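A.B. asks: Kindly produce the complete structure, drawing on both the sequences and the hints.
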Amino acid sequence: MLTMHPTVLVGPADWDPVRLPQAEFAARLAAFWGHCDPAIAGAMVFGGPHHHAELAWLTHFTPKLEGAIALIPRAGAPRLLVGGGANMLGAAKPLTWVETLLPLRDAGTTIARWHDEIGGLALVNGDAMPFGLRQSIDAALGAAPLDATALVTEAMRRKSSRELAMIREACAGLDAALSAMYDAQRTRMALSDVVLAGERAARQRGAQDVRTLFGREGRLAPFTALDQAIADPLQVYVAVRQDGYWAEGFAALSQSALPAAEQARATLTEALRLIGPGAPYRAPAELLAREVGAGRMHPVTRNGFGGPMGLALDAPECLTTASRGHFAAREVFSLRVGLQGDGGAAVVSAMIVITETGHDVLWPGATP
Amino acid sequence: MTFDERLKAICAGMAARGLDLIVALHDGAHFIETPNPVTVISGFKSLGPAVCLLRVDGAVTLIVAPAWDEPRVRALCRRGRVVGVDDVVDGLRAALPPGKAAGTAGLDAAPYGLARRIAALLPGAVAADDVVFDAAARKTGEEIAWAREATRIAERNFAHLLAIARPGMSEDELAVALRLHAQSLGAEDNFLLLCAGPHNRAVAPSNGRRLAEGDIILAEITPSCRGQLAQICRTAVVGAAPALLREKYALVVEAMNAGIAAACPGARLADVCNAINAVLEAQGYGEYCHPPHIRRRGHGLGFASVRPGDVAPDNDTVLAPGMVFMIHPNQYLPETGYLLCGEPVLMGERGAEPLTRRQAALAELR
Numbered sequence: 153m154l155t156m157h158p159t160v161l162v163g164p165a166d167w168d169p170v171r172l173p174q175a176e177f178a179a180r181l182a183a184f185w186g187h188c189d190p191a192i193a194g195a196m197v198f199g200g201p202h203h204h205a206e207l208a209w210l211t212h213f214t215p216k217l218e219g220a221i222a223l224i225p226r227a228g229a230p231r232l233l234v235g236g237g238a239n240m241l242g243a244a245k246p247l248t249w250v251e252t253l254l255p256l257r258d259a260g261t262t263i264a265r266w267h268d269e270i271g272g273l274a275l276v277n278g279d280a281m282p283f284g285l286r287q288s289i290d291a292a293l294g295a296a297p298l299d300a301t302a303l304v305t306e307a308m309r310r311k312s313s314r315e316l317a318m319i320r321e322a323c324a325g326l327d328a329a330l331s332a333m334y335d336a337q338r339t340r341m342a343l344s345d346v347v348l349a350g351e352r353a354a355r356q357r358g359a360q361d362v363r364t365l366f367g368r369e370g371r372l373a374p375f376t377a378l379d380q381a382i383a384d385p386l387q388v389y390v391a392v393r394q395d396g397y398w399a400e401g402f403a404a405l406s407q408s409a410l411p412a413a414e415q416a417r418a419t420l421t422e423a424l425r426l427i428g429p430g431a432p433y434r435a436p437a438e439l440l441a442r443e444v445g446a447g448r449m450h451p452v453t454r455n456g457f458g459g460p461m462g463l464a465l466d467a468p469e470c471l472t473t474a475s476r477g478h479f480a481a482r483e484v485f486s487l488r489v490g491l492q493g494d495g496g497a498a499v500v501s502a503m504i505v506i507t508e509t510g511h512d513v514l515w516p517g518a519t520p
Numbered sequence: 009m010t011f012d013e014r015l016k017a018i019c020a021g022m023a024a025r026g027l028d029l030i031v032a033l034h035d036g037a038h039f040i041e042t043p044n045p046v047t048v049i050s051g052f053k054s055l056g057p058a059v060c061l062l063r064v065d066g067a068v069t070l071i072v073a074p075a076w077d078e079p080r081v082r083a084l085c086r087r088g089r090v091v092g093v094d095d096v097v098d099g100l101r102a103a104l105p106p107g108k109a110a111g112t113a114g115l116d117a118a119p120y121g122l123a124r125r126i127a128a129l130l131p132g133a134v135a136a137d138d139v140v141f142d143a144a145a146r147k148t149g150e151e152i153a154w155a156r157e158a159t160r161i162a163e164r165n166f167a168h169l170l171a172i173a174r175p176g177m178s179e180d181e182l183a184v185a186l187r188l189h190a191q192s193l194g195a196e197d198n199f200l201l202l203c204a205g206p207h208n209r210a211v212a213p214s215n216g217r218r219l220a221e222g223d224i225i226l227a228e229i230t231p232s233c234r235g236q237l238a239q240i241c242r243t244a245v246v247g248a249a250p251a252l253l254r255e256k257y258a259l260v261v262e263a264m265n266a267g268i269a270a271a272c273p274g275a276r277l278a279d280v281c282n283a284i285n286a287v288l289e290a291q292g293y294g295e296y297c298h299p300p301h302i303r304r305r306g307h308g309l310g311f312a313s314v315r316p317g318d319v320a321p322d323n324d325t326v327l328a329p330g331m332v333f334m335i336h337p338n339q340y341l342p343e344t345g346y347l348l349c350g351e352p353v354l355m356g357e358r359g360a361e362p363l364t365r366r367q368a369a370l371a372e373l374r
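In order, the protein sequences belong to chains V and H. Throughout, the working numbering is defined as the position within the first sequence, counted from one, plus 152. Throughout, the working numbering is defined as the position within the second sequence, counted from one, plus 8.
Don't read these hints as lab results, they were simulated from the structure. As the structure is a prediction and not an experimental result, all values here were calculated from the model. The reader is advised that the hints may include incorrect statements.
[As the list claims (entries may be wrong)] Cβ-Cβ distance ranges computed for the label pairs, FRET-style:
no.	chain 1	residue 1	chain 2	residue 2	range
1	V	A296	H	D324	18 to 26 Å
2	H	E41	V	V170	56 to 64 Å
3	H	L84	V	G284	43 to 51 Å
4	H	E41	V	Q174	29 to 37 Å
[What the hints assert, rightly or not] Which bits of chain H does chain V cover? Going by a derived footprint, with three or more residues having C-beta under 8 Å, they are:
no.	stretch
5	106 to 115
6	208 to 221
7	274 to 285
8	318 to 325
We put the CB at the ideal spot given by N, CA and C, even for glycine.
C.D. replies: Now the structure itself:
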């Protein structure tokens, strides 16, 4: 889900080798190289503060301020080129297992030299690079490098046990945030204070990042100014990041019964029954489209009913009626239902992980 | 200056360049140093990718994604047409009039995947960033008011830092607390660089390092209100400040005041930089007045435009009333490490007015 992007990422993002040992990253790299064209000798992996899931997956590095490029050879130790100059390297070091950090300066020349040394290069997440930077790299190499983004994205979909543990923690943070919001609403706090209470609760649990959208009458908007009026019902979207991994949830908060939310919840429960390994992505989407109907569809769910969750918050939605993919074990999804009409407007959601035989609910939705 | 006057100035610049149309682009990844031409033209800070079409007659079409955000954008942007789409490139393709002389703004900073598609739609377009951003060098009355509010929040945010920072707390914990505090005061964002150590090389984003007695905390606090940033640069010591540190901090403040005094209408930003450097050079710190130790003594403040640009020796931009920018010596000294000291200023008819109520002073956490 798209949220307002902050100018600098604030929150704990240091690499903890106990929680994510280097062996986990070694296995990821081995899997990547196992699927990569044998002619490729090195991978350039870009990440900026906005889009860095692939970089974080391979190096644990979250660029808080400026972009970074990991230069990962098929054999040998990787290097990480960090934006912001030499003085930023000290602050960046605790965020990654990569030993060698260098300033990201004159990237085209550095990469051309590396190409001369080792041979064929692949690029990961090159579409997220600033236009000027990407053009300078293409020009230095003489041609656009092979795009290996899909290899990494595909490998990232199936979560390891450690990754699932972190997503479960993120879900616990999400639950804490929504509980705090509900409690704040019950004590008749102003809208802004309700939202802040939720963000604070997740942060107190050590969340790396928290994003919110909220509004009255089922609408969703980012924080732009203090709103000192009471909001009941209050539609909220909350995303909580823990150790790099996101959990997200929609909830319609109210101190009284909300027919739209109850109906959305019942429809969501029905859709969840269709989800298991091998089932098509479109199965729950078709049910939700049919049950809600185009006329009552909430704008947020007009094009889809959710997508994969992990290190990226705004991965493309795949739970659509046009989707051709199938659920597979260890994939994590956020599934949402939104409707509007005479009974009000509400968007609700759940998070699940696909198991060998069905699915487990990681976050069942807000429960007052 | 009003918003409409600015728009007219941009249109005049377009006419002078023979442009019928400017296509301004921003991907929604807001960053303090990446100017946002969509915000300049529309007054709007987008959630996702956004494209703004400005015709030379002043007509504006704002194309925003995601489509569900359209009602909010309509409420905020009362000038021009708003179109909510799922893909801004498709939206632009549908809205683009044929056969017009087009310029682009924001293309270089946009992500390759988006910029490449936009560039393909505009094969003959020329870069027209300067047309948009030059006209935004002076802030509107509304932007100045929000800069004052952001400064007020920044000062309270620093006071909060002094109230809660303590040994054992991690930089990340402190930064998170300050972010939440700024939001509780009404800031929509806070570009906060915060780090600490006994001898800092620079200010950097926070990490898990824990504060210790004797640390020097550097805080670059930059709240944003309605798309307008204001910044204060502050330094605090965990415990009592040694006499040498107090002495060196006083020198940096003196340098800053020399810069503020030099900032008057008609002066160049380079003059402001040189005035700051002169104070430090006189004390034997000439080698620390240049890269790699320092490359600028301040900068513009946007989200929209970062004009008038850096307070740097090579910036010949002439100062004029209505400009808002930072003056910050932010100096590395071998005896103390990096020290943060800086104020946001508004250029008036007679000189630079600091927007802060209290000037930077070395703080002690006791």
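A.B. asks: Please list, smallest to largest, the hint numbers that this structure does not respect.
C.D. replies: Going through the list in order, the structure violates hints 1, 2, 3, 5, 7, 8 and respects the others.
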